[in-house]
Amino acid sequence: MEKLRINNISVSYGSIRALSDVSMSVAEGDIVALIGANGAGKSTLLNAIVGLVPLQNGEIDFEGEKICLPKHHQKLSTDLIVRKGIALVPEGRHVFADMTVEENLDMGAFMIRDQSVIEKRKEEMYDFFPILGARKKQKTRSLSGGEQQMMAIARALMSNPKLLLLDEPGLGLAPLIVQDIFNKIKIINEENKVTVFLVEQNARLALRTSDYGYVLENGRIVLEDKGENLLNNEKVQKAYLGA
Amino acid sequence: MLNFFQLILIYAGVYAMMAIGQNCITGYTGMLSLCHAGFFCIGSYATAIMCKTMGLSFWLSIPVAAVVAGAVGFLIGVPTLRLKGDYLCIATLGLGEIIRNIATNLNPVGYNSIPRVSLFGYQFASRNKVAFIILIWAFVLIFYIIFQRLAHSRIGRAMTAIREDEVAAASNGINVTEYKIISFVLGAAVGGVAGCFQTAYTLTVQPASYTFMVSVMVLCTVVLGGMGNGKAVILGAFIIQFISYFPQLTGLTNVIPAQAKQIIFGLILVVMMIWRPQGLLGRDKFRYGDPRSRGEKIRAVFARKKGGAV
Chain E
36 MEKLRINNIS
46 VSYGSIRALS
56 DVSMSVAEGD
66 IVALIGANGA
76 GKSTLLNAIV
86 GLVPLQNGEI
96 DFEGEKICLP
106 KHHQKLSTDL
116 IVRKGIALVP
126 EGRHVFADMT
136 VEENLDMGAF
146 MIRDQSVIEK
156 RKEEMYDFFP
166 ILGARKKQKT
176 RSLSGGEQQM
186 MAIARALMSN
196 PKLLLLDEPG
206 LGLAPLIVQD
216 IFNKIKIINE
226 ENKVTVFLVE
236 QNARLALRTS
246 DYGYVLENGR
256 IVLEDKGENL
266 LNNEKVQKAY
276 LGA
Chain X
242 MLNFFQLILI
252 YAGVYAMMAI
262 GQNCITGYTG
272 MLSLCHAGFF
282 CIGSYATAIM
292 CKTMGLSFWL
302 SIPVAAVVAG
312 AVGFLIGVPT
322 LRLKGDYLCI
332 ATLGLGEIIR
342 NIATNLNPVG
352 YNSIPRVSLF
362 GYQFASRNKV
372 AFIILIWAFV
382 LIFYIIFQRL
392 AHSRIGRAMT
402 AIREDEVAAA
412 SNGINVTEYK
422 IISFVLGAAV
432 GGVAGCFQTA
442 YTLTVQPASY
452 TFMVSVMVLC
462 TVVLGGMGNG
472 KAVILGAFII
482 QFISYFPQLT
492 GLTNVIPAQA
502 KQIIFGLILV
512 VMMIWRPQGL
522 LGRDKFRYGD
532 PRSRGEKIRA
542 VFARKKGGAV
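Chains as they are written, first to last, in my numbering: chain E, 36 to 278; chain X, 242 to 551.
Calculated from the structure, these hints are not laboratory results.
Just to be clear, a hint being listed does not mean it is correct.
With a cut-off of at most 30 Å between alpha-carbon atoms, the simulated DSSO-like pairs for lysine-lysine come out as follows [to be verified]: (1) K155(E) with K219(E); (2) K370(X) with K502(X); (3) K273(E) with K261(E); (4) K293(X) with K370(X); (5) K106(E) with K197(E); (6) K261(E) with K221(E); (7) K325(X) with K110(E); (8) K110(E) with K219(E); (9) K106(E) with K325(X); (10) K174(E) with K325(X); (11) K174(E) with K221(E); (12) K171(E) with K219(E); (13) K171(E) with K155(E); (14) K119(E) with K155(E); (15) K174(E) with K472(X); (16) K472(X) with K172(E); (17) K174(E) with K155(E); (18) K119(E) with K325(X); (19) K472(X) with K171(E); (20) K172(E) with K155(E); (21) K219(E) with K172(E).
Chain E with its partners taken away, still in its complex shape:
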């Protein structure tokens, strides 16, 4: 079943076109990766899904419901899109640096009004990311990059999303930590049945983890296939895998 459907969307920043006629689809229960070089428009695409940047044309459907339409049309604001069950882990993590880990997780649960549910979910997160449990009273600023990334993911999971959007979860992290984070993403997907759509520069790892992949170049989708097929694709290997 289709979870997210992106139909011919275009996005411009002033006169600069960031995305042109991008169409893609994310099936329920899958991990879908979007790979591409710097400036290809990957983050723009994720930001468009949650309504942080306006569309020029096209539309985005979530569970069969239109969530994003071009400007001048009635569209949902970011918080309402998030309430539908889409959680975004923004690029560069965007943690609340001056709050403790626990306060950050509380923020992630902003939409949940039942305190006992929040406590339960926090415990689940501490079980899943033990390092966060050990550091829950610490200011997020004092955490390492990898820990902050895990916290950003945990914070997004607090709202119990159906679709998790990850913007470069491996950005600026050591290879071992990146591997660790991708393993966690795999578990989240398999055990918690969360559909994952991730954007990544580390093409090899991203494609190996995902069921399906898209390649974005200069704001256009140039290739799409199953993750393993893309890994073996000559063009992808040449351009992104350095083979």
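Based on these hints, arrange chain X on the given structure of chain E.
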């Protein structure tokens, strides 16, 4: 001497009220707004016009001032709160000036001999300062408690999230625009109420007294005390008023020119930014989402003391 101390207490109370409003906007939500003089002006005029021209009660003018100032805050907030940082600052600065100009055009000399405030038959006369001190500080206390509760509530939590990181706040399901407007309207409303008390004490209003300098002083109060800390901004109000009236207090009005105060405020802002950007008392420390009530916390402290451990 005592007279001046009492005067400082009265003005510190009025400024503390304004600072509580400014703190809601700048301290909690992180919006740099510079139009508290405008809201202050609206409140002052509300009281002046209602008491003098319409012959209504002062007490009725308080909610009216709050609602009108809040409504103006809402009207200006909807288009401008999308702006960030310096841009918002300039837009609000313009608003403050617009309000002052409207007031000037309405009546260039302002209003004089406004009827005194009375409560249960007691008349608040300007020479009886103690009564005013009690009246104004009672209201400061009320607003302090209301805004302290607000800061610890769900709304306060959303405001803090917006201040820390708007993108993160939005991606956690917080309606950024909505909470920014709530914060701005509440801050404006308190600024308006502060104006009522100013009028009640001085019994005159003149458009010339609601200049940009007032907004700067209120912002200065919040920065000096500590942004996002209710107690700190009240402390800031005391210090700022003390500095303002220092020449009169020491009888040095002939030696220290009135302009010295502006130099001192500028100096305070610069010094604070360099050595203590968090303000004298720093940000209020409290934990969000703490399910325990205050009573339980106090009991927990006592229980620990009895145990003797730690």
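Item to check | 30 Å Cα cutoff - pair K174(E), K472(X) | outcome: 24 Å, holds
Next on the checklist: Checking one constraint from the list: CA of K119(E) to CA of K155(E), max 30 Å. Satisfied?
Outcome noted: The hint holds at about 21 Å.
Checklist entry - Does the alpha-carbon distance linking K171(E) and K155(E) stay inside the 30 Å limit? => result Distance ~15 Å between K171(E) and K155(E) Cα, so the pair holds.
Item to check | Satisfaction of hint between K325(X) and K106(E), Cα-Cα up to 30 Å | outcome: 21 Å, holds
Checklist entry - Does the alpha-carbon distance linking K110(E) and K219(E) stay inside the 30 Å limit? => result With a Cα-Cα distance of about 33 Å, the restraint between K110(E) and K219(E) is violated, given a limit of 30 Å.
Checklist entry - Is K261(E) within 30 Å of K221(E), Cα to Cα? => result At roughly 16 Å apart (the allowed maximum being 30 Å), K221(E) and K261(E) satisfy the hint.
Next on the checklist: Does K197(E) sit within 30 Å of K106(E), going by the straight-line distance between their CA atoms?
Outcome noted: 26 Å, holds
Item to check | Holds or violated: K155(E) to K219(E), with C-alpha atoms at most 30 Å apart | outcome: Given that 30 Å is the threshold and the Cα spacing comes to 19 Å, the pair holds.
Checklist entry - Hey, K171(E) versus K219(E), does the alpha-carbon distance stay inside 30 Å? => result 19 Å, holds
Next on the checklist: With the threshold set at 30 Å, check whether the alpha-carbon distance from K219(E) to K172(E) stays at or below it.
Outcome noted: The given pair, whose Cα atoms are some 23 Å apart, holds under the 30 Å limit.
Next on the checklist: Need the status of pair K472(X), K172(E): alpha-carbon distance at most 30 Å?
Outcome noted: Given that 30 Å is the threshold and the Cα spacing comes to 25 Å, the pair holds.
Checklist entry - When you check the alpha-carbon spacing of K472(X) and K171(E), does it fall within 30 Å? => result 28 Å, holds
Hint compliance for this structure: hint 8 alone is broken.
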